[in-house]
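Asker: Chain by chain, the residues run as shown.
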Amino acid sequence: MPALFSEGFLLGLSTGFYCMASCLPLLAPYLMAEGRSVWKINFIIFLEFLAGRFAAYMLFAFLAVMAGKAGRYAMPPWLLPACMLSCGLIMAALAVFRVASGTSACLLRADLDPFFRKLPVALGFVTGISICPPFAAGFLRLLELADVVKGFCYFSGFFTATSLFISPVLAGTPWIGRRANEIGRLTLLIAGLWYTGLGISGLM
Amino acid sequence: MGDKIPAGERAGAAGLFSALVFLPVFFLSAQAAGGVSRVYTLAWSLFAAGTAFAIVYTGRVSFFRRIFFSVSALAFLIHFKLSLLGGVFTAPPSEAPFCHIAMAPYFLNYLYQQYLALMSGGWKLWGPLTLGAAWLFITLAIGRGWCSWACFYGGIDDGLCSLARRPLLKTGHWAQKLRDLPAALLVFMLLVSLALTLPVYCLWLCPFKLTEAFLDGGAVVRRLQYWLMFASLAALVIGPLLTKKRIFCSFLCPFAAWQAFWGRLNPFRVTPDDKKCTGCMACAGICPVMAIKTGPGGRPEILPYCNLCGQCLEACPGGLRYTVFGRDLPARRGWAAGLASAENFFIYSALTLGAVFSALWGPAALRDLVQLTVR
Ligand code: SF4
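Here the protein sequences line up with chains A and B, keeping their order. Going by my numbering, the first residue of the first sequence is number 1, and it counts up by one from there. Going by my numbering, the first residue of the second sequence is number 1, and it counts up by one from there.
I should point out that these hints are in silico values taken from the structure, not numbers from a laboratory. Remember, predicted model here, so these are calculated numbers, not experimental data. Do not take every clue at face value.
Claimed, not checked - Which bits of chain B does chain A cover? Going by a derived footprint, with three or more residues having C-beta under 8 angstroms, they are:
hint : region
1    : 20-27
2    : 177-183
3    : 220-226
Quick reminder that beta carbons are idealized off the backbone N, C-alpha and C, glycines included.
Chain A on its own, in the form it takes in the complex:
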């Protein structure tokens, strides 16, 4: 098992740059839009995002192993663009509400809808599935393994290594203020539209 963990870890290390470049256009605007100058809050957002990614990886490890066992060596082609589309729509909708309502009547207020407070988990989940290109490489290896526990080990290693590459995003967050939040919301809107466009073109 440790051998499989380190194999996944090494794959994550070698492809970490791609992973960072794929996740940052999504995570950085979100942190800018919703982060605070309090480091703890940003760290919690970051952890929630990672938790979403981790859940996505484990789910895929499971599905890949099942598919491998059943001898099906391909993912449904619509799955990745559909995830990308949903990711883009969530981001764009959140940004539109935030820009339109300003800071007072905020959609993220816990008393309005606690679901929205867990958005980083959802975003982490959909990016975990759809956006990271090295993910496909790991997926193929899992199809061969055809063992659930081995699959979890392999993807845990991959997740740990790629998370290291994403973590520098926290470095800039202590400077987040009201202005950065305002810019971040518009960035989130653009990023949402971008991912929506990518998703639609993938589905077409």
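Knowing the structure of chain A, use the given hints to seat chain B with the ligand on it.
Answerer: For chain B with the ligand alone, kept in the frame of chain A given last:
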């Protein structure tokens, strides 16, 4: 220079000021213009010196600045862009482009390329580092003033702004809500350009490329890129005519946000004078880049997007002025002493730098025009 100073003294000071602009512009533009005949560089330098004279003599900063700025942008279009029309492009650019607007959102790729160059020992003279040094010099000298005094694209937006007598469309409160769009575009494009290792701004938004060769091969994406390019072109050309605002520069130019951020390094500011400001907010209505909002106490608050164009100074009877880090320089006596003001130091830096920089294409455009008429 106010009207209270006698006309003779004003003319003397303006003459001295314009001579001080002329000398460096003439000598440096001869270098910048390359093989173009000295006659054309002389004409270009005289144009800059004439602008300097008119500004100091009349005190109308933005009016004469705008003429120089728009003519410079027009010259750029004539000489550079039109010569590209016959060119053949076969692939999207993969290296850092040499256009300042595209370079800001490409900055992370830029660093990455430098890292690769460092590792392979493949340095280039006219590479990103050279351009980076030029940018640093410009930022230290005029900061955000670049966007109203030297940018060859901004001159188009600014010139078109002045053509309409009054706005047909009013920019409402949504304009202020979206005012940070260039900063958002900058952040997003920095990240996506790095992710795709492509100059995303050039491919998706640039209205100036005037070619379809860089666009995507796939039909759907290509159509989307076309639409965005034309929307961006409309923001540049039709936007100012309808609103009397620099719509492209205010909402779509990532370099404007870049320069707004780094412009803090430069000491020059436009600052409201608390004693003279009546809170009429005429300045906010006239600012072409919507860089003034109502601040605490109903007084104008100048945003970092101010590019020191001077338009609000002409709209406001004394409530706004150029300063150095928000402070006035000590007053002096004598006919030429009025020249030693924050306003004139800034105008001198901005106009001289803008004129020398535009000598890269201004004299050549004059030559092109002369050759065209003679033929
Ligand atoms: S605040 Fe004044 S100087 Fe600054 S951009 Fe607006 S009009 Fe020009």
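Asker: Hint by hint, say whether it matches the structure.
Answerer: Hint-by-hint comparison with the structure:
Coverage of a stretch by a chain is defined here by at least three residues with a beta carbon nearer than 8 angstroms to that chain's beta carbons; for the region 20-27 of chain B and chain A the count is 0, and the condition is violated. Look at the region 177-183 of chain B against chain A: 5 of its residues bring a Cβ nearer than 8 angstroms to a Cβ of that chain, three or more, so the hint holds. Only residues whose C-beta sits within less than 8 angstroms of a C-beta in chain A count toward coverage, and the region 220-226 of chain B has 3 of them, enough to reach three; the restraint holds.
Of the hints listed earlier, the one the structure fails to meet is number 1.
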